[in-house]
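Given chain A's structure and the hints, the job is docking chain B onto it.
Residue numbers (the working numbering), protein chains in the order written: chain A, 1 to 372; chain B, 1 to 372.
The reader is advised that the hints may include incorrect statements.
If chains are identical, the list can't say which one is meant, so a pair holds when it fits in one copy or spans any two.
To be verified - Under the rule of at most 25 Å between Cα atoms (straight-line distance), these lysine-lysine pairs were calculated in the DSS-like manner:
| no. | residue 1 | residue 2 |
| --- | --- | --- |
| 1 | 239 | 37 |
| 2 | 277 | 328 |
| 3 | 239 | 309 |
| 4 | 182 | 239 |
| 5 | 108 | 27 |
In short, the hints are calculated from the structure, not lab data. Computed from a prediction, not measured in an experiment: that's the story for all the values here.
Protein chains: 2
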Amino acid sequence: MATTPVVDIHTHIYPTTYLTLLRSRTKVPYLLDLPDKMAPPRLIILPSDDDPALPAHQRGRPIDSSYSSINQKLDFMKTHGITTSVISLANPWLDFLSPEEGPQWAAKVNNELEDICSTSQNSLYAFATLPLSASSSRITGEIHRLQSLAHMRGIILGTTGLSQGLDDPALEPVWSALESAKLLIFLHPHYGLPSSVYGPRASEYGHVLPLSLGFPMETTIAFTRMWLSGVFDRHPKLKVLIAHAGGTVPFLSGRINSCVQHERHFPENEGGGRGPKRGLKEVLRENVWLDAVVYSPTGVRAAVEVVGKDRVLFGTDHPFFPPLDEGKEEWMSVETNIQAVKDAFGEDKQGATKVLGGNAIELLGLDVAGDG
Amino acid sequence: MATTPVVDIHTHIYPTTYLTLLRSRTKVPYLLDLPDKMAPPRLIILPSDDDPALPAHQRGRPIDSSYSSINQKLDFMKTHGITTSVISLANPWLDFLSPEEGPQWAAKVNNELEDICSTSQNSLYAFATLPLSASSSRITGEIHRLQSLAHMRGIILGTTGLSQGLDDPALEPVWSALESAKLLIFLHPHYGLPSSVYGPRASEYGHVLPLSLGFPMETTIAFTRMWLSGVFDRHPKLKVLIAHAGGTVPFLSGRINSCVQHERHFPENEGGGRGPKRGLKEVLRENVWLDAVVYSPTGVRAAVEVVGKDRVLFGTDHPFFPPLDEGKEEWMSVETNIQAVKDAFGEDKQGATKVLGGNAIELLGLDVAGDG
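Same shape as in the complex, but just chain A:
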């Protein structure tokens, strides 16, 4: 029987270069080695993690070898029948660097990602990282350079852009460069929402509120601002893959449309509509792809309904959400997402197959040996 290729387009790594960079820092984000050499170092990623009142081993989060080991990534892929992964640097990327430091670190990280992929017999491809704190000519320079790296299929992008969000006119040269380089933008959250929204008892729920709600809400706001500012009118060929099935875009797209249609601020345009020239429905079907990292058939179905079944792509979010039971080899988070795709498609096995791998292969032009 032919093997059906399964492609994971949402899977992260902290390559050695990046861990070296974090180790060299003493301000957030930074990596803190513990006196106990057997204990994994701690990543202090958010200002709220950087609490000197806490002992070092309770600050931030442990970064074990699953965050950096390619062998563990390949083992994880084997366990879950994943043929190919498109790896990307995990947040907070290089947003925090000075304009001078950004470009050299971006080049180093992207080169290391390329090296990893080129020794992987086509089981790994990558999304690169941009030096967003640098001048726009340095950013577009790196975009141009990425085209010479054989395994790069796009770039991962946070929601703050050059610091003012994705509706910032200063991003125009970056959008133009990405559009002409035909590099997919993987839009991914990091900053969440201001912690005040979670109330005084938020810490009683661990990381649940910022992770389950803050991330998708941040993503939704970022994408909506990008669309409202007319980015897709000016760059009709731009391709955006939105993390976590679009945050909440599929569910809220009707409400966003309705609010735009009822907003006197927007003049009526030629089509009789309001807001950006290219409506949200059109942009979702022509410029947007969604991953299937949404942990429910309801979420997958909504994603498929707004972008189409050729534009939803399986992902795992590895190495995040590992099993709490360390003896377990299969990851519940991954099994939930695979099952959600299968349940969403029901009898349409071909649809599920495309979401699990075929769509990514076609979109990114992956050389996958699985089918044979």
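Frame of chain A; chain B shown alone:
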């Protein structure tokens, strides 16, 4: 042919009593009459509306007679074939009053709502308003008193509760009183998200970002906190109707579940799960109803999938989102929501009929003369 009853469970009013209260105030929220007697007064509802640099007629929003006129509400219902409406005070309710003022105003507003309903030949029912700034005994006193008002079917509730959110242990007596009075809680947003999340160009998009994204995100956070704090474990009979199809709860429920299952902070419970004893899926199917104010078949379908087709209820959000073209009698916002329900159910006409009216009649015990 028998008329199929259509029930609107999300429709707001500012009764005369409430407008009098707002007119008597000079701090947000307040009502500002303009020198031009023909121009509608302005409602200064948010601190950001209260800008002395703006001329009075540009501050806040105009409150025309559609916000207070029962005749206009009845005309609107006739235009759209709505048999029965369950009216509720629009935000910001009475949250801003002092503990001493709250109870008397709540009684006045609720009595006026009851008077309006009792002269409406069963075409109007109401959700009452609680004096949430008062002591819990005064709040529960009003809940008790509401049971003597024949047309009250529940209470409308903002997301801040007694000021600390809906996961506040101080709300326990209020939940108990609502549970034993069998009054539905209509959970509705008002406060949105901190404006910083919309970035420096937010004003270029009018009210789109806070209305389309802030409201549903606020609602989602409030409900999730309520569930995480165990409210539904302690009050298994509590009934909550969540505005705007649950904010984003239907789409994010899988992710919320997954984050809870992977959160070490929660001990494993008897069922082998983590987090509150009664899981999110169970609570959504046993304690939660959703309105269908979501402007897309995708949204309606997702709502139906997580709570069941007996638990989604049509609403309009009247008098908000009127047609921009003032010559038009039909409201696009209403037509979009009716069509979304019909499209979501397709051939299942009975399912659509239940969402458009039958479910509300059954849940709230409405005396509706339509079917005959």
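Hints, one by one, checked against the model:
1. 239 / 37: neither (44 Å within a copy, 53 Å between copies)
2. 277 / 328: The answer is between: 24 Å across copies meets 25 Å, while 51 Å in one copy does not.
3. 239 / 309: within (16 Å within a copy, 36 Å between copies)
4. 182 / 239: Answer is within: at 8 Å inside a copy they meet the 25 Å cutoff, but 51 Å across does not.
5. 108 / 27: within (21 Å within a copy, 57 Å between copies)
Hint compliance for this structure: hint 1 alone is broken.
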